[in-house]
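A.B. asks: For reference, the chains in residue letters:
There are 2 protein chains.
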Amino acid sequence: MINEYPSALLEKAVTEFSHLPGIGRKTALRLVLYMLRQDTEAIDQFANAITTLCHEVKHCHRCHNISDSDLCPICGNPRRDQKTICVVENIQDVMAIEHTQQYQGLYHVLGGVISPMDGVGPADLEIDSLVERVKEDGISEVILALSPTMEGDTTNFYIFRKLSAYPDVTISVIARGIAVGDELEYADEVTLGRSILNRTLFEGK
Amino acid sequence: MINEYPSALLEKAVTEFSHLPGIGRKTALRLVLYMLRQDTEAIDQFANAITTLCHEVKHCHRCHNISDSDLCPICGNPRRDQKTICVVENIQDVMAIEHTQQYQGLYHVLGGVISPMDGVGPADLEIDSLVERVKEDGISEVILALSPTMEGDTTNFYIFRKLSAYPDVTISVIARGIAVGDELEYADEVTLGRSILNRTLFEGK
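Residue numbers (our numbering), protein chains in the order written: chain A, 1 to 205; chain B, 1 to 205.
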C-alpha cells in the first residue's frame, strides 16, 4: 500500500482534524487544504484562538457556564432575578434561552443528563452543587429545562426528589406542547395530549 | 441585543472555526465545545499540527504537489516513469489517482482550471511550468485528467494548443464513459454517447 498523503505534515494535520466530531478524513483534508491557501498569519490566529480558549477559559463557580472569569456575566449581573434558577443540560441551552430574551433569572449547567447507557450517573453531573445553591442562596423557583427525552425526564425526577427537602422552593418544568408554527395534525400523540392537559387561559386582547 | 456568547474567548474561537468552508456558527460552536472537553495537551497538538504544516510545508518545484521537501516523493522516485506527466487540477486528484495504483508516471498540479467567471486565467495556473517541463525533460506523453466540466474542457484545449508546438509528445485525455457499477439507463446522453464512440476492444479471457 502506497502512502496516501504526499506529505507527513499534511497527514498529521488531517488526522488531527478528523478527530473532531462529524468530520471524516475527506472533509478534514478539504479543511486543511483550505487552511493551506490562507496566509500564515490567519492560521496562527486560528491556532492561537483555540489554544488560548482551552488554556484560559474558566467555568463560572456558581452556574458552571463557560466564562472568562470566576463569575459569569449572567451570575454577576445584579439586575437579573437572583431567586430563580433554570436548570439546563449544557452551554448551548443557556445560549438558546438567552437568545429568546424571555428569561431574567440565573442558570445552572448540569453538564449532561443521567444516562446509565452512557455511564453517566448523578455524581457525574452538577446536581449536588445545585442542591447547595438552593439551600444557601434562598432560591424561590427552580425551572427544569432539560430535553423531553427519557434521560431528561429521569434527571428531572432525580432533581425533583433531591429538592423535595426544600418545600418552599417551587419546581417547574418548561411547557411541552405544539411548537409555534407546527401543524396540529402532524404533532405526535404524546405532545398533543400534553398540550391539551396543560392548556392555558386564552389571552384575547 | 445581549451578547450571545458567555465568554469572549469562546466567541473568538467560534468565529475562527466558522471561517472554514462548510462550517457555520452552530457547527463551529459544537466543534469548539468538543475541543474544550479534551485535555489541553490534545489541543496543543491539534494547533501545533496546523501551524507546523502551514509554516513548513513546501511545494514540489517540479510537479507543484504538496511535499515535505523541494522534490516530492513521486518526482523523486526513480522507479516511476519519468517520461509521462498526468495533468490534474489539485492535490486531491493526485491522491485519488495514486489510490487506484494504476498509474506509474509523474504528475503536474495546475492549481485550478481556467474559469473566467471566477477570474482564473491561464497565468494563474501552472501551465507555463508544464510547457517548460515538456520542453526540458523529454516527456513522451501528457495525460489530461481534469474534470469533465466546461472549465476543465477549456483548460484541456488551452494546454493542447500550447503543447502543439511539440509534435513528438502524445497528448491523451482520461476516458469518459459509464462508471463501473452504474446502470446504463440512468446515464446521461452525452456520457452514453461518448462511451459508444470511444468503445474499446472486448478482452474476453
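Be careful, since some hints might not be right.
Note: identical chains are not told apart, hence a pair may lie in one copy or across any two.
[To be verified] Under the rule of at most 16 angstroms between Cα atoms (straight-line distance), these lysine to aspartate or glutamate pairs were calculated in the EDC-like manner:
hint : residue 1 : residue 2
1    : Lys162    : Glu132
2    : Lys12     : Asp68
3    : Lys26     : Glu4
4    : Lys12     : Asp39
If you are wondering where the hints come from, they were derived from the structure by calculation, not from laboratory data.
A.B. asks: Work down the list of hints and note, for each, if the structure agrees.
C.D. replies: Each hint, compared with the structure:
Within a single copy, lysine 162 and glutamate 132 get their C-alpha atoms as close as 11 angstroms, which meets the 16 angstroms cut-off; across copies the closest is 78 angstroms, which misses it. For the identical chains of this complex, lysine 12 and aspartate 68 are inter-copy neighbours only, at 12 angstroms across copies versus 31 angstroms inside a copy, given an alpha-carbon limit of 16 angstroms. In this homomeric assembly, lysine 26 and glutamate 4 come within 16 angstroms of each other (Cα to Cα) only inside a single copy, at 12 angstroms, whereas the closest approach across copies is 32 angstroms. Taking identical chains as interchangeable, the C-alpha atoms of lysine 12 and aspartate 39 are never at most 16 angstroms apart, the minima being 19 angstroms within one chain and 18 angstroms between chains.
In terms of the numbered hints stated before, the structure departs from hint 4 and from no other.
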